[in-house]
Amino acid sequence: MLLRGVALLAGCYIIGQIIGESLGHYLGINNNVGGVGFAMLLLIIAQNELEKRDLFHIEMGEGVMFWSKMYIPVIVAMSSIQNVRVAFNNGFLALLAGILPVAICLLFMPILSKSTND
Amino acid sequence: MEYIIELLDKNGLIVAFLVTGIMVYFSEGISVKLTNKKLPGSAIAIFMGLVIAYIGGILTEGKSGIADIPGLTGFKVMGGPMFRDFAIVSTAMGASFAVIKKTGSVGILSLFLGVIFSFIAGVGIAYAFGITDVESLTTIGAGACTFVVGPVTGTAVGASSDIIAISIGAGVVKSILVTIGTPFIAPYIGLNNPKSAMIFGGLMGTTSGTAAGLAATDPKLVPYGAMTATFYTGLGCLMCPSVLYFALKAI
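First to last, the protein sequences are chains A and B. Residue 102 in the numbering used here sits at position 102 of the first sequence, and the numbers go up by one each step. For the numbering used here, count along the second sequence from 1 and bump the result up by 118.
None of these hints come from the bench; they were simulated from the model. The reader is advised that the hints may include incorrect statements.
Stated by the list, open to error - In silico BS3-like cross-links for lysine-lysine, where the CA-CA straight-line distance does not exceed 27 Å:
hint: 1; chain 1: A; residue 1: K114; chain 2: B; residue 2: K220
hint: 2; chain 1: B; residue 1: K155; chain 2: B; residue 2: K367
hint: 3; chain 1: A; residue 1: K69; chain 2: A; residue 2: K52
hint: 4; chain 1: B; residue 1: K367; chain 2: A; residue 2: K52
hint: 5; chain 1: B; residue 1: K181; chain 2: B; residue 2: K194
hint: 6; chain 1: A; residue 1: K114; chain 2: B; residue 2: K181
hint: 7; chain 1: B; residue 1: K128; chain 2: A; residue 2: K69
hint: 8; chain 1: B; residue 1: K220; chain 2: B; residue 2: K128
hint: 9; chain 1: A; residue 1: K52; chain 2: B; residue 2: K128
hint: 10; chain 1: B; residue 1: K219; chain 2: A; residue 2: K52
hint: 11; chain 1: A; residue 1: K114; chain 2: B; residue 2: K155
hint: 12; chain 1: A; residue 1: K114; chain 2: B; residue 2: K128
hint: 13; chain 1: A; residue 1: K69; chain 2: B; residue 2: K156
hint: 14; chain 1: A; residue 1: K52; chain 2: B; residue 2: K155
hint: 15; chain 1: B; residue 1: K338; chain 2: B; residue 2: K151
hint: 16; chain 1: A; residue 1: K52; chain 2: B; residue 2: K220
hint: 17; chain 1: B; residue 1: K367; chain 2: A; residue 2: K69
hint: 18; chain 1: A; residue 1: K52; chain 2: B; residue 2: K181
hint: 19; chain 1: B; residue 1: K181; chain 2: B; residue 2: K128
These numbers come from a predicted model, not from an experiment.
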């Protein structure tokens with residue numbers, strides 16, 4: 001049962017990545033377009049459908065939950081392999097070109113959030 | 119000594135589990151003892167990761183942070199895109215489809231705004247620094263989106279390699295800033311619900327930065343932010359070397 005959960009997750013992951021990769025391929029940009037997003041949608045839909053049919057075993061959920069809990073350690077490992085040196089070594093221009101867009105985009109947060117308050 | 123390093127590298131993933139485990143353990147301790155739980159342990163651990171990545175980069179002059187140090191190469195697997203994306207997808211379990219559907223349209227809007235305004239800001243800064251050729255401006259503007267969009271665009275429009283390096287630098291700065299800054303800025307921008315997390319992911323775009331920043335803010339928000347952020351790099355790679363490049367050329 002545990003493995004069925006992991007397999008479900010793996011299945012959604014692979015199909016989502018194939019969709020994202022194909023989308024990028026046919027758009028001619030040689031890059032994955034939203035593979036993770038499609039995979040997440042598939043997982044949510046699959047879980048809902050299985051629960052409706054009473055086929056979603058608790059232990060199956062645990063197989064997915066394990067990875068969900070491994071998320072933060074994986075992100076810590078990901079931070080550890082970032083090219084932090086290059087961020088510091090490319091001077092003031094790179095630094096500003098990284099900071100200013102974040103600041104500007106943050107200004108849109110309240111406007112966009114309000115537009116969904118219905 | 120040689121054979122021990124070889125053994126560690128052969129079992130790289132397991133070594134990475136161990137080292138990360140130790141890091142997370144100490145961060146929890148620091149969080150409780152030094153900051154009275156004000157700074158979440160995960161935020162400290164992620165910051166610690168960035169610091170050792172910097173140290174690794176300085177010691178080896180490599181590109182992969184700590185993973186360039188012999189014996190620690192397994193970090194490349196554990197922190198690489200496969201495990202990262204697999205773990206991100208798993209967080210979607212239990213996420214509300216209704217919220218995603220309802221916020222979907224504003225999420226898409228935030229994606230376009232995020233790409234366009236990051237691009238304009240990047241171009242503006244490059245211009246202020248005296249860069250005037252359209253190819254270089256486009257590349258740096260693209261780098262202001264994410265560190266993937268920069269080099270992809272730069273290669274497409276034929277920018278020089280030092281400009282591409284700057285664009286990567288800009289993208290990495292952005293990703294690190296979002297990683298560290300999100301927990302601090304969250305209360306001021308209303309980042310405490312799935313809707314705003316989706317908008318935030320669309321505006322910021324850097325999947326690694328958004329994912330790590332939200333993890334340090336509130337792990338429940340991760341799937342929503344990651345959901346939109348994952349479309350950002352693709353959209354940026356689509357728009358920067360085409361529409362935005364031609365628009366800039368026209369000006």
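These are the hints, each one checked on the structure:
no.	hint	in the structure
1	K114/A <-> K220/B	holds, 14 Å
2	K155/B <-> K367/B	violated, 51 Å
3	K69/A <-> K52/A	holds, 25 Å
4	K367/B <-> K52/A	violated, 54 Å
5	K181/B <-> K194/B	holds, 11 Å
6	K114/A <-> K181/B	violated, 41 Å
7	K128/B <-> K69/A	holds, 26 Å
8	K220/B <-> K128/B	violated, 47 Å
9	K52/A <-> K128/B	violated, 45 Å
10	K219/B <-> K52/A	holds, 19 Å
11	K114/A <-> K155/B	violated, 31 Å
12	K114/A <-> K128/B	violated, 52 Å
13	K69/A <-> K156/B	holds, 21 Å
14	K52/A <-> K155/B	violated, 40 Å
15	K338/B <-> K151/B	holds, 25 Å
16	K52/A <-> K220/B	holds, 21 Å
17	K367/B <-> K69/A	violated, 47 Å
18	K52/A <-> K181/B	violated, 48 Å
19	K181/B <-> K128/B	holds, 21 Å
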